[in-house]
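Use the sequences and the hints to build the structure in full.
There are 2 protein chains.
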Amino acid sequence: MEMLPRLSLINSITGFKPANLIGTKSESGDTNLAIFSSVVHLGSDPALLAFIMRPMVGERHTLENILNTGYYTINHINSQIVEKAHFTSADFPRALSEFERCKLTPEYLHGFYAPFVGESKVKIGLSLAETIPIKINNTTMIIGHVEHVVLSGAYQKSDQSLDLIASDTISISGLDTYYRSEKIATFPYAIVGDVPKF
Amino acid sequence: MEMLPRLSLINSITGFKPANLIGTKSESGDTNLAIFSSVVHLGSDPALLAFIMRPMVGERHTLENILNTGYYTINHINSQIVEKAHFTSADFPRALSEFERCKLTPEYLHGFYAPFVGESKVKIGLSLAETIPIKINNTTMIIGHVEHVVLSGAYQKSDQSLDLIASDTISISGLDTYYRSEKIATFPYAIVGDVPKF
Numbered sequence: 001m002e003m004l005p006r007l008s009l010i011n012s013i014t015g016f017k018p019a020n021l022i023g024t025k026s027e028s029g030d031t032n033l034a035i036f037s038s039v040v041h042l043g044s045d046p047a048l049l050a051f052i053m054r055p056m057v058g059e060r061h062t063l064e065n066i067l068n069t070g071y072y073t074i075n076h077i078n079s080q081i082v083e084k085a086h087f088t089s090a091d092f093p094r095a096l097s098e099f100e101r102c103k104l105t106p107e108y109l110h111g112f113y114a115p116f117v118g119e120s121k122v123k124i125g126l127s128l129a130e131t132i133p134i135k136i137n138n139t140t141m142i143i144g145h146v147e148h149v150v151l152s153g154a155y156q157k158s159d160q161s162l163d164l165i166a167s168d169t170i171s172i173s174g175l176d177t178y179y180r181s182e183k184i185a186t187f188p189y190a191i192v193g194d195v196p197k198f
Numbered sequence: 001m002e003m004l005p006r007l008s009l010i011n012s013i014t015g016f017k018p019a020n021l022i023g024t025k026s027e028s029g030d031t032n033l034a035i036f037s038s039v040v041h042l043g044s045d046p047a048l049l050a051f052i053m054r055p056m057v058g059e060r061h062t063l064e065n066i067l068n069t070g071y072y073t074i075n076h077i078n079s080q081i082v083e084k085a086h087f088t089s090a091d092f093p094r095a096l097s098e099f100e101r102c103k104l105t106p107e108y109l110h111g112f113y114a115p116f117v118g119e120s121k122v123k124i125g126l127s128l129a130e131t132i133p134i135k136i137n138n139t140t141m142i143i144g145h146v147e148h149v150v151l152s153g154a155y156q157k158s159d160q161s162l163d164l165i166a167s168d169t170i171s172i173s174g175l176d177t178y179y180r181s182e183k184i185a186t187f188p189y190a191i192v193g194d195v196p197k198f
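Going down the list, the protein sequences come from chains D and L.
Numbered by the working numbering, the letters in the first sequence go through residues 1 to 198 in order.
Numbered by the working numbering, the letters in the second sequence go through residues 1 to 198 in order.
Where hints are given, some of them may not hold.
In this list, chains with the same sequence are indistinguishable; a pair is considered to hold if it fits within one copy or across any two.
Claimed, not checked - List time: in silico DSS-like cross-link candidates among lysine-lysine, alpha-carbon distance up to 30 angstroms: (1) K197 to K103; (2) K183 to K157; (3) K183 to K197.
It is worth saying that the hints were derived from the structure and are not from the lab.
The following block contains the structure:
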């Protein structure tokens, strides 16, 4: 396949992707905000999340800030901020913060170094745990410890899991398409003896 | 937090997750099928996908089959097979294939060693490229080369990206909740000079 159709197909082939904004601040105080669709759950105890950084071509403000300061935030994108969130992906110069250009509010909570996104309803503060180089295509996996989870109890179910409908969290496919969701089913933990007779 | 509420919260904190079934076959011909919510796009050229395996406690048929044979399939879960897909997560003995127990059809295409899921509308055949141990919590990242993408053209948009609504692809949050989606927005590639004035 040609390069562009191949990129479009492979970028969408994994299915729905989570829509998050990663907030950072440089050592000199410049804030940065960038959209990522590759955040993945690594484990709950310790609570670890990972995401994938593309190859270091040109400036990578998010990665530099994380490596230099050790802290970052992951903030759910909701339907009210989807357009602003999308356009954080433009290649703005370092001195122009995406918070300012895209009119999103840097919010400092619990004395945490990195800025949260004020308009986000689910905000996670992380400390850098490890970076793993993925040599096969020169990407990097960034692993962080969850230090803070900031959300209203209205967005949690009785088992403490997140109600992503209540928090108006959206998802992405490919590089440009955004979705809201509706619940179709919940099933019990699968135990061999209790699996339905299909 | 207590262990169970913590597990519930952290498993759902990344947002919507892709819902995929991974199909494998052992060297002796036993098929295996398992649900995964951690598939992530690593790059398009070469086309590489990754997913996370939990720690090797007890038997891990999927990982053993991938390591022993070098091949696996990733198949989108749609609303028609969501219940069957969920219950592949029960801890069935090796001799009982989840394909058979959960009444999903192993499908062999293009001479590929690993079975696809007949009922899935988007099927990907991969060859093992690399496994990366994530020492911090004893998980493993499995990286595969995309060898085949099997789908009807009816599930592709004009730019060749997938139309996840047309393919009835669903998403997951946490460990037990499944969603269908509706599109809310598509935005152009973000170029600094064309970013809207928010």
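- Query: Which of the listed hints are broken here?
  - Reply: none
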